[in-house]
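Guided by the hints, dock chains R, P and G with the ligand onto chain L, whose structure is given.
Residue numbers (the numbering used here), protein chains in the order written: chain L, 1 to 572; chain R, 1001 to 1233; chain P, 2001 to 2080; chain G, 3001 to 3080.
Treat the hints with care, since some could be wrong.
Within a straight-line C-alpha distance of at most 25 Å, the following computed SDA-like cross-link-like pairs (lysine to any residue) qualify [unchecked claim]:
no., chain 1, residue 1, chain 2, residue 2
1, G, LYS3010, L, ILE99
2, L, LYS210, G, THR3008
3, P, LYS2010, G, GLY3031
4, L, LYS444, R, THR1216
5, P, LYS2064, R, VAL1074
6, G, LYS3010, P, ALA2024
7, L, LYS54, L, ARG23
8, P, LYS2010, R, ASP1145
9, R, LYS1035, L, SER258
10, P, LYS2040, G, ALA3056
11, L, LYS444, L, SER477
12, L, LYS333, R, ARG1066
13, R, LYS1110, L, THR140
14, R, LYS1110, L, ARG168
15, R, LYS1035, G, GLY3029
16, R, LYS1110, P, GLY2012
17, G, LYS3010, L, ARG297
18, G, LYS3064, P, VAL2070
19, P, LYS2002, G, THR3008
20, P, LYS2040, G, GLU3063
21, R, LYS1035, L, TRP334
22, L, LYS333, G, SER3035
23, G, LYS3040, P, VAL2070
24, P, LYS2040, R, LEU1109
25, G, LYS3002, P, PRO2016
26, R, LYS1110, P, LYS2002
27, L, LYS333, G, ARG3022
28, G, LYS3064, G, GLU3045
29, L, LYS333, R, HIS1034
30, R, LYS1110, P, ARG2022
31, G, LYS3064, L, GLU136
32, R, LYS1035, L, ALA257
33, R, LYS1110, L, GLU134
34, L, LYS139, G, LYS3002
35, L, LYS333, G, PRO3016
36, L, LYS55, L, HIS440
37, R, LYS1035, G, ARG3053
38, L, LYS210, G, ARG3037
39, L, LYS282, L, LYS333
Honestly, the hints are just simulated from the structure, not real lab data. These numbers come from a predicted model, not from an experiment.
Read off the chains here:
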Amino acid sequence: MTEPAVNQSLAADHGLKPDEYQRILNLLERTPTFTELGIFSAMWNEHCSYKSSKKWLRTLPTKGPQVICGPGENAGVIDIGDGQAVVFKMESHNHPSYIEPHQGAATGVGGILRDVFTMGARPIAAMNALSFGEIEHPKTRSLVAGVVEGIGSYGNCFGVPTVGGEVRFHPAYNGNCLVNAFAAGLADADKIFYSAASGVGMPVVYLGAKTGRDGVGGATMASAEFGEDAEEKRPTVQVGDPFTEKRLLEACLELMASGAVISIQDMGAAGLTCSAVEMGDKGNLGIELDLDAVPCREQAMSAYEMMLSESQERMLMVLKPEKEAVARAIFDKWDLDFAIVGHTIPEDRFLVKHDGEIKADLPLKALSGEAPEYDRPWVETSAARPLAPVPEMDPAEALAALMGSPNLCSRAWVWQQYDHMVMADTVVRPGSDAAVVRVHGTQKALAFTADVTPRYCKANPVEGGKQAVAEAFRNLSATGARPLAVTDNLNFGNPEKPEIMGQFVGCIKGIGAACEALDMPVVSGNVSLYNETNGEAILPTPSIGAVGLLTSLDEAIPMAPCAGDALLMIGH
Amino acid sequence: MKSAVIVFPGSNCDRDLAVALGAAAGRPASMVWHKDAALPPGLDVVAIPGGFSFGDYLRCGAIAARSPIMRAVVDFAHRGGIVLGICNGFQILIEAGLLPGALMRNQTLKFVCRDVHLSVETLQSPFTSAFGNQRVIRVPVAHHDGAYIADYALAARLEAEDRIAFRYVDADGDATEAANPNGSVGNIAGVLSDNRRILGMMPHPERLADPQLGGTDGAPMFRSLVEAVAEVA
Amino acid sequence: MKARVFVTLKTGVLDPQGEAIRHALGSLGFGGVESVRQGKVIEIELAETDPARAEAEVARMAEKLLANTVIENYRVEMVG
Amino acid sequence: MKARVFVTLKTGVLDPQGEAIRHALGSLGFGGVESVRQGKVIEIELAETDPARAEAEVARMAEKLLANTVIENYRVEMVG
Ligand SMILES: Nc1ncnc2c1ncn2[C@@H]1O[C@H](COP(=O)(O)OP(=O)(O)O)[C@@H](O)[C@H]1O
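Next up, chain L with everything else stripped away, as it sits in the complex (with noise of 0.2 Å):
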């Protein structure tokens, strides 16, 4: 197979701009090779490198006594007592769910559940955040079926209570649907594993399932703002298999007890890149990868495919090379792909051989710490239109209108095609303010929500910010718990737009003050912007997924009334 010649075009066709492609040229004094090229494009594309976001993102709190692991790691890890944390983070797959509801969806939760796991905490539960066009819409029916079956499909196979969420309807998503998915795990505070490798020459291993050429390019699509198109590009959507994710857990759970682990990271968008560079990059090493070894699923698959392939259910490990016996026999009892691919070099180099050539030879420390970012401009959001007055009504129509209303009515079709219960510690289901899980064995509970109310993000982004936090602090208080902890998820349009772009930094800025006054730090989170459909901008939509503890279910607050109960309302 020939590969195509590198130029400036072909960067084009990456999503590279052209000077970003210019940028890699300086760095190389060369043009690099098509699968580096592959490799930059996955580097260096937003989702990847936060290039539009990462200016504001470190602005927001994220520290705090509680706070044992911030941003930058798959997960956030936060100290519950007792020598436990509870790991968490929520993620989109919105484009992807777009074009194929049932997988996108799916496959959506598989990411966030290996993210928590290769931390090395045992998923306990985990939620999810929708946003549809209106009901009318022709598209939206089979969207919603699709997304929340394909969610449950995952989910309830996995085995992990799936306890709570949102789901909303606007316009404004009509040609951009938002599936955010939030997952959160429990592991031993001293145990908690990472991604930056250490020691030379240590192993890399490849765990889980093969390679296929599943989503080649999807890093890309899923930065790049929709067109009319959209739906004849159909680019090959990944298929998700939770009965292989739900091995890789427990054989994961086993390898890190075996003691076998130096480090370990997902293969999420673009697969064995990313997992491979930030490996090296956080340990301040090379690595050097051997593709011949990789597990394929698929006939002659080149280098290229391979660095960019995003089939799910696998994981990249730096092992301690005496333990390989144990490990390789704990992949082999789950039935998993088990193997050696690289190892760790002295030198900052991403090395990548296939077939006896060098595919890719690359700075590695380059691909992510010269990656570009921007100061994107941005103008303050004007102050929103007062509104139309409000009709009078008979007050038990509108009462009735509203419980009736899409947005606020009973969400039991959506939770009761989800296990909540499984591991049969759910003490509060889904249906409250906040879910609660009792933690396993104890008498303590975490608490877990999802919210944000997008048309107060679009009518002032500080404010809207400021009241999805809040909102979450509520939720997690009501039932007795004491908020620990965000992560977020933040849905925006195309930030290359002032007025997007504002957006996204108001509501940074409404977060950040909320999170700060609240003493509840943003431990993990991820940013989907380019959320567009012919120019069109969904609402700006930050997820705030918020967790809290129950240092005993005595401190638990029902939320069923009991005849004779006095009702107030406190606050203003």
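Same frame as chain L, now just chains R, P and G with the ligand:
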């Protein structure tokens, strides 16, 4: 009571079931891996948990039913051992031929997770004897393929032989169509083998056997097992 | 050799999936759909090169695993 | 008229079901199974009596509902 929980790849209610059995028996249940060829010696009860064994790919329970440990479970059952299958465990017992009928996709075609009411249809079994006067219980279901299918002859025989252990009912104990979460024939939620020592059921008594989880209606099942075993000993 | 195994529900066994498809086709404006039944087709690539032996082997697979003969029928077709 | 629609995953799309079946066949002692892919077959009974018109109609059904053309291919066969 010495019990064992069989663990297949994809089982995910194995821990819950072991907790419920262990709590009732006062000794932990052993966990047995599907690739093992034999059960631990001296067992009183073998339990097959819920979940998605082998992903429930092909048909629910089909692949698990043909794994090495199931030969030992079938032998154990044929020797008169007590075997309990919950949810996916029920599907596996049916696929293994230990219980009659079939379980098919819910009539709604959707996964359903919620509490249902069950009527305890018989006390004549090692699984139900301790329900006593408590003939309508509330326990959760969580499944996608729980519609119990039996032809007319089979349904009539199960009825005549008092082998229907549980039916889906409303809070008043009536087996209405609305109370049926999945389209099971005759609202059947659980059935017994002809020697009454094998029970398969879709609902999850192990999920409501702890007051902190909002109820203990499932607990008498595990007490029944302990009593039945103690009586023999 | 390649074989296809068709697994279909026995007549008389209710097929909620097929029923749902029939209903959905109706709502999409497709008229005159009298009944719909959904089954599985399993394609198997075999090392065996003798057609008769391969077919017999696949029939055994169907009998032992691929079909639940309580409610399903199967049919084996050799593709070549 | 009766039609059969075969819906199969596009080449390259992961088929966890097929993979699990292949694995299970191996554990049951069936050797030489190189690959397994699982698909659907949907049998439709139509009022339409003209074979060409029926076939075109069923193809439209497949396109609109029966197959998820993002990841699946379909093939229509008229049975008579
Ligand atoms: N997608 C979903 N998945 C699971 N549970 C959901 C989902 N959407 C809403 N819920 C649950 O439904 C209940 C009501 O949701 P919502 O109206 O957003 O609550 P609130 O306004 O109190 O935050 C909550 O318990 C919530 O967790």
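Structure-based check of each hint:
1. G:LYS3010 - L:ILE99: Cα-Cα ~16 Å, so holds.
2. L:LYS210 - G:THR3008: holds (21 Å)
3. P:LYS2010 - G:GLY3031: violated (29 Å)
4. L:LYS444 - R:THR1216: Judged against 25 Å, a Cα distance of about 20 Å means the pair holds.
5. P:LYS2064 - R:VAL1074: Roughly 16 Å separates the two Cα atoms, so the pair holds.
6. G:LYS3010 - P:ALA2024: Status holds; Cα separation ~24 Å.
7. L:LYS54 - L:ARG23: holds (19 Å)
8. P:LYS2010 - R:ASP1145: holds (18 Å)
9. R:LYS1035 - L:SER258: holds (21 Å)
10. P:LYS2040 - G:ALA3056: At roughly 23 Å apart (the allowed maximum being 25 Å), ALA3056 (chain G) and LYS2040 (chain P) satisfy the hint.
11. L:LYS444 - L:SER477: holds (15 Å)
12. L:LYS333 - R:ARG1066: holds (18 Å)
13. R:LYS1110 - L:THR140: holds (18 Å)
14. R:LYS1110 - L:ARG168: holds (21 Å)
15. R:LYS1035 - G:GLY3029: holds (14 Å)
16. R:LYS1110 - P:GLY2012: Status holds; Cα separation ~22 Å.
17. G:LYS3010 - L:ARG297: Given pair LYS3010 (chain G), ARG297 (chain L) holds - Cα atoms ~14 Å apart, limit 25 Å.
18. G:LYS3064 - P:VAL2070: violated (33 Å)
19. P:LYS2002 - G:THR3008: holds (15 Å)
20. P:LYS2040 - G:GLU3063: holds (19 Å)
21. R:LYS1035 - L:TRP334: Roughly 10 Å separates the two Cα atoms, so the pair holds.
22. L:LYS333 - G:SER3035: holds (22 Å)
23. G:LYS3040 - P:VAL2070: holds (20 Å)
24. P:LYS2040 - R:LEU1109: Judged against 25 Å, a Cα distance of about 17 Å means the pair holds.
25. G:LYS3002 - P:PRO2016: Holds, at roughly 19 Å.
26. R:LYS1110 - P:LYS2002: Answer violated: LYS1110 (chain R) to LYS2002 (chain P) is near 34 Å, above 25 Å.
27. L:LYS333 - G:ARG3022: Judged against 25 Å, a Cα distance of about 17 Å means the pair holds.
28. G:LYS3064 - G:GLU3045: Holds: LYS3064 (chain G) and GLU3045 (chain G) sit about 18 Å apart, inside 25 Å.
29. L:LYS333 - R:HIS1034: holds (11 Å)
30. R:LYS1110 - P:ARG2022: Status holds; Cα separation ~17 Å.
31. G:LYS3064 - L:GLU136: Satisfied, since the Cα-Cα distance of roughly 19 Å is no more than 25 Å.
32. R:LYS1035 - L:ALA257: Roughly 22 Å separates the two Cα atoms, so the pair holds.
33. R:LYS1110 - L:GLU134: The given pair, whose Cα atoms are some 23 Å apart, holds under the 25 Å limit.
34. L:LYS139 - G:LYS3002: It is violated: about 30 Å lies between the C-alpha atoms, which goes past 25 Å.
35. L:LYS333 - G:PRO3016: Since the Cα atoms of LYS333 (chain L) and PRO3016 (chain G) sit roughly 19 Å apart, the hinted pair holds (cutoff 25 Å).
36. L:LYS55 - L:HIS440: violated (39 Å)
37. R:LYS1035 - G:ARG3053: Distance of about 54 Å is beyond 25 Å: violated.
38. L:LYS210 - G:ARG3037: holds (16 Å)
39. L:LYS282 - L:LYS333: violated (31 Å)
In summary, the numbered hints that this structure violates are 3, 18, 26, 34, 36, 37, 39.
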